[in-house]
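Peer 1: Those protein sequences? They're chains A and B, same order as listed. First residue of the first sequence: 1, per full-length UniProt numbering; consecutive thereafter. First residue of the second sequence: 1, per full-length UniProt numbering; consecutive thereafter.
Honestly, the hints are just simulated from the structure, not real lab data. Hints are supplied without guarantee of correctness; some may be wrong.
Copies of the same chain look alike in the list, so a pair counts if it fits in one copy or across any two.
[What the hints assert, rightly or not] Taking lysine to any residue and the SDA-like style, the derived pairs with C-alpha atoms no more than 25 Å apart in a straight line are:
id : residue 1 : residue 2
1  : Lys194    : Thr278
2  : Lys81     : Lys197
3  : Lys28     : Glu251
4  : Lys115    : Arg93
5  : Lys194    : Arg51
6  : Lys98     : Trp209
7  : Lys182    : Thr2
8  : Lys182    : Leu250
9  : Lys182    : Ala143
10 : Lys194    : Gly85
There are 2 protein chains.
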Amino acid sequence: MTFLDELRLPSGPVDLSAWSTNAKPNFKGGKSGGEKTLAGLGPRLLDLQTRLYAQRDVADARGVLLVLQGMDTSGKGGVLKHTVGLVDPVGVRITSFKAPTKQERAHDFLWRIEKAVPALGYVGVFDRSHYEDVLIARVRSLAPADEIERRYGAINDFEQQLVDKGIVILKCMLHISPAEQKERLLARLDDPTKHWKYNPGDVDERQLWDDYTRAYEIALERTNTDVAPWYVVPSDRKWYRNLAIGQILLETFESMDLDWPKADFDVEAERRRLAADTVGESHA
Amino acid sequence: MTFLDELRLPSGPVDLSAWSTNAKPNFKGGKSGGEKTLAGLGPRLLDLQTRLYAQRDVADARGVLLVLQGMDTSGKGGVLKHTVGLVDPVGVRITSFKAPTKQERAHDFLWRIEKAVPALGYVGVFDRSHYEDVLIARVRSLAPADEIERRYGAINDFEQQLVDKGIVILKCMLHISPAEQKERLLARLDDPTKHWKYNPGDVDERQLWDDYTRAYEIALERTNTDVAPWYVVPSDRKWYRNLAIGQILLETFESMDLDWPKADFDVEAERRRLAADTVGESHA
Numbered sequence: 001m002t003f004l005d006e007l008r009l010p011s012g013p014v015d016l017s018a019w020s021t022n023a024k025p026n027f028k029g030g031k032s033g034g035e036k037t038l039a040g041l042g043p044r045l046l047d048l049q050t051r052l053y054a055q056r057d058v059a060d061a062r063g064v065l066l067v068l069q070g071m072d073t074s075g076k077g078g079v080l081k082h083t084v085g086l087v088d089p090v091g092v093r094i095t096s097f098k099a100p101t102k103q104e105r106a107h108d109f110l111w112r113i114e115k116a117v118p119a120l121g122y123v124g125v126f127d128r129s130h131y132e133d134v135l136i137a138r139v140r141s142l143a144p145a146d147e148i149e150r151r152y153g154a155i156n157d158f159e160q161q162l163v164d165k166g167i168v169i170l171k172c173m174l175h176i177s178p179a180e181q182k183e184r185l186l187a188r189l190d191d192p193t194k195h196w197k198y199n200p201g202d203v204d205e206r207q208l209w210d211d212y213t214r215a216y217e218i219a220l221e222r223t224n225t226d227v228a229p230w231y232v233v234p235s236d237r238k239w240y241r242n243l244a245i246g247q248i249l250l251e252t253f254e255s256m257d258l259d260w261p262k263a264d265f266d267v268e269a270e271r272r273r274l275a276a277d278t279v280g281e282s283h284a
Numbered sequence: 001m002t003f004l005d006e007l008r009l010p011s012g013p014v015d016l017s018a019w020s021t022n023a024k025p026n027f028k029g030g031k032s033g034g035e036k037t038l039a040g041l042g043p044r045l046l047d048l049q050t051r052l053y054a055q056r057d058v059a060d061a062r063g064v065l066l067v068l069q070g071m072d073t074s075g076k077g078g079v080l081k082h083t084v085g086l087v088d089p090v091g092v093r094i095t096s097f098k099a100p101t102k103q104e105r106a107h108d109f110l111w112r113i114e115k116a117v118p119a120l121g122y123v124g125v126f127d128r129s130h131y132e133d134v135l136i137a138r139v140r141s142l143a144p145a146d147e148i149e150r151r152y153g154a155i156n157d158f159e160q161q162l163v164d165k166g167i168v169i170l171k172c173m174l175h176i177s178p179a180e181q182k183e184r185l186l187a188r189l190d191d192p193t194k195h196w197k198y199n200p201g202d203v204d205e206r207q208l209w210d211d212y213t214r215a216y217e218i219a220l221e222r223t224n225t226d227v228a229p230w231y232v233v234p235s236d237r238k239w240y241r242n243l244a245i246g247q248i249l250l251e252t253f254e255s256m257d258l259d260w261p262k263a264d265f266d267v268e269a270e271r272r273r274l275a276a277d278t279v280g281e282s283h284a
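Kindly generate the complete structure, drawing on both the sequences and the hints.
Peer 2: Here it is in structure tokens:
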């Protein structure tokens, strides 16, 4: 069983309470084994990502877009640091979406998202995403109900376009329990080097946990397409979350048959040209 | 002696032939020691960069812009992978500048550069930069002579503005010898997994080595300001280049007195609020 298969959300109605937040599907070990396994994925991830990047200018170049969504403290930042940090930053484009600015709100909700779509050859990562526009926007009624309703289809159309361009979309819902969130918020308060991560507003949003859960269930159900499926990642264990997303990335790369691009020049002719080249030798 | 002091270009006329390409200033050891030393910088670099990032929304937030320039094969990509890769990707924004597009050429040369300036709190990295507009642009006469002439001052004004905003600018010239470049180009030809990095056009540019050297000397001299000085990094040894830039980053962070931001909320009140919070407990 692959992580892609194991964590993939089946189509149909979604009941998040049926999904464990602290399970560790597909992995037998504990924390130290999990961290070691993730580190062990590094070289293979780096090799395949470099192949993806190497192909960025060829005709059939492809890209990857990793979408990270989850409640506050679910660990989007941790995945960036520990998992995305394993690959070569030259080929990574991270976009952290905050509350939209006034200018952004004056445009369609996808306007700012489209500007952040990774070029082919890149691994784009969305730390929050267009899904905020059907999550907090729904819970907090930040847009009229019919506009929210319209967005699910607009998202599916948008994602279909990306897929048609050659981008593989991995949508990961980092699934934590409210009790785990409370622990993490308290831990931030206890550590002055983590106060910057603490936002009292997060506790206000937390009061709406059930509303957010329902908004996630609706969004997951309505945007869980074959071309851009959702993965539900049990995230109460940080190490498992980081490992699972590393595995999802790796399995995705492996499924893409990433070969090194063929030389579009005459290797032997270039070798002869360089061998005869004496640039700078008079200085030696 | 710090790396910042040791590698800093003194003001005045520049003669690059007086700068060794294979020295290892400030470091006594060899390759394995250098790689180990660089890895050892990782935790401290990460800690300080996280502080920089944590401050991104406070009033006196600052940023860092690392500008990487050098002849083809000098190792800009290697620095991204081995040195920039040590910090948290969430706070890094890399921009790789290619030959300007038609749209970019229709604007002032700084138009595309300004769009890539890192927000405060971030480490921006320019893989090539606005200096191309006084390097290849000068060597290949891609703009009229008086326009090239104008650009040195425009660059200094632009960089002064960034510094006034709170951005520390580190401009690193990766200095290699033509013999080392030849070795690296041949190595790319010998390895099919590196053919994608080989561009026959690089050999054409290489024929203009002396012209490029002179263009670098002029650019370095005229833009080596107190607010945005140049560092000349001997880069024939890849490990030394990666280490030196890691040290330059670290010493820069250390000079910035990066404290953790103070909580702008009442920590005790938040703790009490969370302690009393029972969200989700009915599900338990």
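Peer 1: Run every hint past the structure and note whether it holds.
Peer 2: Going down the list of hints, with the structure as the test:
no.: 1; hint: Lys194 to Thr278; verdict: between (57 Å within a copy, 23 Å between copies)
no.: 2; hint: Lys81 to Lys197; verdict: within (15 Å within a copy, 27 Å between copies)
no.: 3; hint: Lys28 to Glu251; verdict: within (18 Å within a copy, 43 Å between copies)
no.: 4; hint: Lys115 to Arg93; verdict: both (12 Å within a copy, 15 Å between copies)
no.: 5; hint: Lys194 to Arg51; verdict: between (37 Å within a copy, 10 Å between copies)
no.: 6; hint: Lys98 to Trp209; verdict: within (20 Å within a copy, 46 Å between copies)
no.: 7; hint: Lys182 to Thr2; verdict: neither (31 Å within a copy, 45 Å between copies)
no.: 8; hint: Lys182 to Leu250; verdict: neither (32 Å within a copy, 35 Å between copies)
no.: 9; hint: Lys182 to Ala143; verdict: neither (29 Å within a copy, 60 Å between copies)
no.: 10; hint: Lys194 to Gly85; verdict: both (20 Å within a copy, 23 Å between copies)
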